[in-house]
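Keeping their order, the protein sequence lines are chains A and B.
Numbering of the first sequence is given in this note's numbering, commencing with residue 427 and proceeding in unit increments.
Numbering of the second sequence is given in this note's numbering, commencing with residue 427 and proceeding in unit increments.
Keep in mind that a hint or two might mislead.
Identical chains blur together in the list; that is why a pair holds if it fits in one copy or across any two.
Claimed, not checked - Calculated lysine-lysine pairs in the PhoX-like style (CA-CA distance at most 20 Å, straight line):
hint : residue 1 : residue 2
1    : K764      : K597
2    : K656      : K597
3    : K764      : K661
The set of hints was computed from the structure by calculation and includes no laboratory data.
Protein chains: 2
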Amino acid sequence: MNILYDERVDGALPAVDKPALLQALQAQLPDLDILHAEEDLKPYECDGLSAYRCTPMLVVLPHTLAQVQGVLKLCFERKVPVVARGAGTGLSGGALPLAKGVLLVMARFNKILAIDPAARTARVQPGVRNLAISQAAAPFGLYYAPDPSSQIACSIGGNVAENAGGVHCLKYGLTVHNLLKVEILTVEGECLTLGADSLDAPGFDLLALFTGSEGMLGIITEVTVKLLPKPQVAKVLLAAFDSVAKAGRAVGDIIAAGIIPGGLEMMDNLAIRAAEDFIHAGYPVAAEAILLCELDGVEADVHDDCDRVRTLLEQAGATEVRQARDEVERVKFWAGRKNAFPAVGRISADYYCMDGTIPRRELPHVLQCIAALAHKYDLRVANVFHVGDGNMHPLILFDANQPGELERAEAFGGEILELCVSVGGSITGEHGVGREKINQMCAQFSSDELTLFHAVKAAFDPHGLLNPGKNIPTLHRCAEFGALHVHAGQLPFPDLERF
Amino acid sequence: MNILYDERVDGALPAVDKPALLQALQAQLPDLDILHAEEDLKPYECDGLSAYRCTPMLVVLPHTLAQVQGVLKLCFERKVPVVARGAGTGLSGGALPLAKGVLLVMARFNKILAIDPAARTARVQPGVRNLAISQAAAPFGLYYAPDPSSQIACSIGGNVAENAGGVHCLKYGLTVHNLLKVEILTVEGECLTLGADSLDAPGFDLLALFTGSEGMLGIITEVTVKLLPKPQVAKVLLAAFDSVAKAGRAVGDIIAAGIIPGGLEMMDNLAIRAAEDFIHAGYPVAAEAILLCELDGVEADVHDDCDRVRTLLEQAGATEVRQARDEVERVKFWAGRKNAFPAVGRISADYYCMDGTIPRRELPHVLQCIAALAHKYDLRVANVFHVGDGNMHPLILFDANQPGELERAEAFGGEILELCVSVGGSITGEHGVGREKINQMCAQFSSDELTLFHAVKAAFDPHGLLNPGKNIPTLHRCAEFGALHVHAGQLPFPDLERF
């Protein structure tokens, strides 16, 4: 399989004396697990975005704060870049290693330090898995709301670094909305606390700034999250439509009625058929689009809302509306959606999962543009949406063994993201920018805005040692990438202007 | 009346050639309203924290973006400090002018630019009053949730600058949770957009960083807020207790039960009596504490929650629990609370309103400490709380015409804030730091943390021209103020350690 790797970042970094660094680490931190042989480094060459790979110079696996501090201080002295990694499930290459950098794996920080049911908080180490927090909170009737699809594997530190979302973030918010406090180490190895246990921390809101900063501002060593009481009941409605435009209209009507579903998802025909073939969820395979709408809360409330949503769906032209009869059918309805990605994996050698957000009203227009792009690049696309909050996940189907298909898929994905920006949306919903979308950041932001990002980065990390080459592009890179900035409202898609 | 004014900030600023600056402003911006005569400047010498006053060098009242840009560019060239002001209702002196600075009054930016009922957003200019947004949204069944007590007068720009809260922020969040996007001008007069119309903006979260930054990072020129559907019903319970400890326990029980009230407020005996004398709300004047608990949402849900809360209140030892019979009584219950400040104003020549947050469990301990401090300073104190989120507003009663009382009140207030920090809370809940709490920031943060704040400030404003002397203290000031840092858990209150 081809590898998409950008030589420029590593190329621009100064040479590192690996044997000397290794020796210094071993001497100063004798208990630290360090991987340095080629075969040991191989498993760490990519994260969940496996099309991008790079073997790290060294991998360190600390299990104490002092070890992380020691690594950071040594790297800072020698000006060696450090890339942090949690569970490695990220989909935008945020934890892609550097050939001239140390990969700092935080997976062994996996302890739940405290659950406080009265304050409804959990204090955990960054390597704790997302789902493990909810499991630990379950005996108290509590759970941690953000639920990325990878929640069984992904770590809370990575969730904070990428500001992860999930099916339920329309109602319950992204990671940033469910955090109280993080403890971090600066690039120099100093301990800092961002946020507080109380409502409003004075000074600048560095907690929110840090959340989603993709390992560029510091290393997370502890996280305090908010817990929520489990809803009494959850019901799911499935609605079929003969056009995506009608489904899109129904979404707008539900939101405008003041109903906030726990989850509101859309799938298009190709995604429906793939999921049905795989899971047998009972989806209507002839439908052009389906909506899944989950309502949760107290019994009476959910009952009323189900009735209102059904009426709205029917008024918007649904050809069929079904409420899951029981918990078994509810779980089955969701299983189809949650397995849409692997289901698509069954009908294509490879797929490339995109992640962008758009204003909900732009949905029909954007889907038409994506169909036109699919024609232009001669690749199929299946559309799966967190449609309630306008977060799209088009899956581009390709075969990496066919020469040029990977590159076409990448270019296609890039155009989808730029399309999102051009309609007033953004190039990421919940997967982050990482290495994947760094060029599209040039479309999203003006040079003044990028300059400000760099100034903020420098306030934390003046030498640019933390995860260089991710998240915030250099102005030089943007200039190379071309004048894609569309803030002035000018569409960079001449061949799509007919829509 | 005495004035508490800190000469050090103005003293440290370089001299400004006022006539030359005035001439340049008049020449370059002929349509700009500029106040420069002593008598015209007087009304602007303070904000809502009137104990601190300073006559600004010049006041400008722009009504176009180009004028604001022109003022900023000119001041930037000449390195003249700029202090932004909205409605001037702030309670921490965030808009206190500088004798060597320009006061930039944004009150004329008072247009509601768009209400989008489908997207549930409002796009407004920064001088629009908080309540005016809800009034404009009312025809669509929507409102803007954060409701500071000053909402009839305070401006949304000021709300963003201070990250304002209100009675309902326990359930609906602070300003930062209800914002989508702000347009700002940098210190150099460049336009920037922070945030986006879509769910998650890539790059660093500068919108959250900017919110609550008290005019130190840029000038707000436009704000897009989220609107919420009005709850179907709202019910209020009033519970009386013979001790604040029992009332505090009831609060913990309600929250632990997973109920999130729309508002949850506590008043102590002095506050109850003052409010009852003024408003005749029907409060039990013999009670040591009352709780007001509002539940809002859909009918059935609210009905169930009222029953559950009543049971919890009774179990916690309430001597009486009353539910407002109708809307008239509900409004009366709230009127007593909302007028608690002016009510206290009737029983004391002056009062000083504090604002700190504490973990809820520390409530009885903190109230005991405040009582001891009241004894030490020989001043009365009435306690009014947004108790659901641990946000206290102790009102210190004093008479500014009695020599030394203002200074005693200020010192008392400072000790209350440091007490909040020592129990794991913070020196502000919703009023901001401003000039008022700048010394207490030294207690809240370590020198590493303050250094990072300054670095972030410098990323936006390298010459420190925007609102200098507020929010983030210099390390020099902290050193002067004394070694008050209590992060290490060491209590700086030897005379209170008996509690």
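Verification of the supplied hints:
no.: 1; hint: K764 <-> K597; in the structure: within (18 Å within a copy, 30 Å between copies)
no.: 2; hint: K656 <-> K597; in the structure: both (13 Å within a copy, 16 Å between copies)
no.: 3; hint: K764 <-> K661; in the structure: within (16 Å within a copy, 40 Å between copies)
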